[in-house]
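With this note's numbering applied, the sequence shown covers 1 to 336.
Among the hints, a few may not be true.
[What the hints assert, rightly or not] Here are the computed distance ranges between Cβ atoms for each label pair:
hint: 1; residue 1: LEU25; residue 2: ILE256; range: 19 to 29 Å
hint: 2; residue 1: SER30; residue 2: ASP233; range: 44 to 54 Å
hint: 3; residue 1: LYS252; residue 2: SER31; range: 13 to 23 Å
hint: 4; residue 1: LEU25; residue 2: ASP45; range: 28 to 38 Å
hint: 5; residue 1: ILE260; residue 2: SER221; range: 50 to 60 Å
hint: 6; residue 1: LEU24; residue 2: GLN170; range: 17 to 27 Å
hint: 7; residue 1: GLU20; residue 2: LYS286; range: 44 to 54 Å
hint: 8; residue 1: LYS173; residue 2: LEU25; range: 36 to 46 Å
hint: 9; residue 1: THR235; residue 2: ILE63; range: 44 to 54 Å
hint: 10; residue 1: ILE62; residue 2: ARG240; range: 19 to 29 Å
hint: 11; residue 1: PRO243; residue 2: SER221; range: 38 to 48 Å
Honestly, the hints are just simulated from the structure, not real lab data.
Where is the CB? At the ideal position from N, CA and C, for every residue including glycine.
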Amino acid sequence: MSAEGRLDTTAVSHSWNWTEHVPLLIGAGSSLVVVLRVLAIANFDLQTAYAILKAAGTTTVIIGTLFSTIGMSAMLIVLNLIALWARSRLSGTHFNNAYLYGSVGVAIFLLTLTAPLFTIVLLSLTAPLSYLAKTIGSKTASRKARKLGFELARSATTSGNKTLDDLKRQYDKWVAEEKSKAAKGTSTMLKASLAFSAIMTALATTNTRPWMPLETISVRSAIYTGYVLDVNDSTMTLLREHPRRIDYINVKDQPIARQICMKPDHSRFSFAEKPLAAVILRLNPKYPRCPLMKQIASPVSAPRISSIAVITPQDISRHATTWSAEKSRDARTRWH
1 MSAEGRLDTT AVSHSWNWTE HVPLLIGAGS SLVVVLRVLA IANFDLQTAY AILKAAGTTT
61 VIIGTLFSTI GMSAMLIVLN LIALWARSRL SGTHFNNAYL YGSVGVAIFL LTLTAPLFTI
121 VLLSLTAPLS YLAKTIGSKT ASRKARKLGF ELARSATTSG NKTLDDLKRQ YDKWVAEEKS
181 KAAKGTSTML KASLAFSAIM TALATTNTRP WMPLETISVR SAIYTGYVLD VNDSTMTLLR
241 EHPRRIDYIN VKDQPIARQI CMKPDHSRFS FAEKPLAAVI LRLNPKYPRC PLMKQIASPV
301 SAPRISSIAV ITPQDISRHA TTWSAEKSRD ARTRWH
C-alpha cells in the first residue's frame with residue numbers, strides 16, 4: 001500500500017511475464033487441442049469421447065491429433081522463430097526482407113507437404129501483399145529522399161546554415177517516420193500470419209474426421225463401416241461414421257475382412273482436401289468407395305459364410321449388392 005492508502009499496482013502488473021511460462025502455456029494449449037479434437041470426432045458427445053480415449057489410448061490420440069494439426073502448428077512456430085531471429089540479427093530493410101521471404105518460403109514448403117491446397121492462398125496472402133506495399137512505399141520514399149538530397153545540396157551553396165539545419169531536421173524526421181512505418185508494416189504482417197495460422201489450427205482441431213482410415217468391415221453375416229479404434233482376440237471397438245457412436249463387435253473365432261474405403265462424396269472436392277504434393281504427383285492411392293451411408297446405421301444381413309472361408313473385399317461388394325437387392329424387393333412388396 002502507498003502512503004495515500006491506495007494499492008500500488010506497479011509490482012502486480014510486472015509480476016506476470018508470459019515468457020517465463022512458455023512450457024506451461026504450450027502444455028495447456030496442447031491439452032486443449034487434444035480435448036477439442038476428441039470432442040469434435042465424437043460430435044461433442046461426452047460418452048463417445050470417453051470411449052474413444054479408453055479404446056484408442058492417450059498416446060494414440062495425441063499422435064493422431066499431432067498429425068492432424070502438424071502443418072498449421074509448424075507454421076505458427078516457424079513464423080515466430082523467423083521473426084525472432086530476424087529481429088535479433090537484422091534491422092530495418094534487411095529484417096523486413098528476411099521475414100517476408102522467409103515466411104513465404106516456409107508457408108509454401110509446409111503447406112505443400114501437409115495442408116490442404118486451398119489454405120496455401122489463405123496463409124500466403126499476407127506476405128505478397130505486404131511486399132507489394134513495401135515496394136511501392138520504398139519507391140515513394142526514394143523519390144522523396146532524392147528530392148531532399150537535391151535541396152540539401154542546393155541549399156549548401158546558396159543559403160545559410162539556418163536553412164540547411166531546417167532541411168536536416170526535416171530529413172531526420174522523415175527517416176524516423178519511414179522506420180516507424182516499416183516496423184508497423186512488419187508487425188501487422190506478423191499478426192495477420194499468426195492469426196491465419198491460429199484460425200486454420202482451430203479448424204483442423206475441430207474437424208470431425210478422425211485420424212484413422214475409414215474402413216468397411218465384414219464379420220460373418222454383417223457389414224460395418226467406420227473407424228477401428230481397437231481389436232483383440234474377442235472384441236473389435238468400432239467408431240461408426242454415421243451415426244457417430246461406439247460399437248463393440250464380437251469377433252471371436254469369426255473371419256474378418258477389412259477394406260479401407262472412401263466416402264461416396266469424397267471425389268467431389270478431393271482436390272481441396274489433399275496436400276499440393278499429392279495433387280501434383282498423384283501420390284494418393286485409389287480406394288474403393290464405401291457402401292451407402294444407409295448401410296452404416298445397422299449391420300447388413302448377408303448370406304451365411306462358412307467359418308473356414310476367407311472373406312475378401314469382393315465378398316464385401318457382393319454383400320452390399322445383395323443388401324440393395326433385398327431392399328428393392330421389400331420396397332416392391334410393400335408397394336403391391
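Do the hints match the structure? See the list:
1. For the pair LEU25 and ILE256, the supplied restraint of 19 to 29 Å is violated, since their beta-carbon distance comes to about 45 Å.
2. Between SER30 and ASP233 the beta carbons are some 34 Å apart, a value that contradicts the proposed interval 44 to 54 Å.
3. Separation of LYS252 from SER31 is about 37 Å and departs from the stated range, judged on CB atoms against 13 to 23 Å.
4. For LEU25 and ASP45, the Cβ-Cβ distance of about 29 Å falls inside the hinted range of 28 to 38 Å, so the restraint holds.
5. Checked against the hint of 50 to 60 Å, the pair ILE260 and SER221 fails, with Cβ atoms roughly 22 Å apart.
6. Checked against the hint of 17 to 27 Å, the pair LEU24 and GLN170 fails, with Cβ atoms roughly 50 Å apart.
7. A beta carbon spacing of about 52 Å between GLU20 and LYS286 agrees with the range 44 to 54 Å that was offered as a hint.
8. Checking the proposed 36 to 46 Å range against LYS173 and LEU25 shows it holds: the Cβ atoms sit about 40 Å from each other.
9. In this structure the hint that THR235 and ILE63 lie 44 to 54 Å apart at CB is violated, the actual value being about 23 Å.
10. Here the CB-CB span from ILE62 to ARG240 is close to 23 Å, well matched to the stated 19 to 29 Å.
11. Our hint of 38 to 48 Å for PRO243 and SER221 is violated, since their Cβ atoms are close to 21 Å apart.
Checked against the numbered hints given earlier, this structure breaks hints 1, 2, 3, 5, 6, 9, 11; the rest are met.
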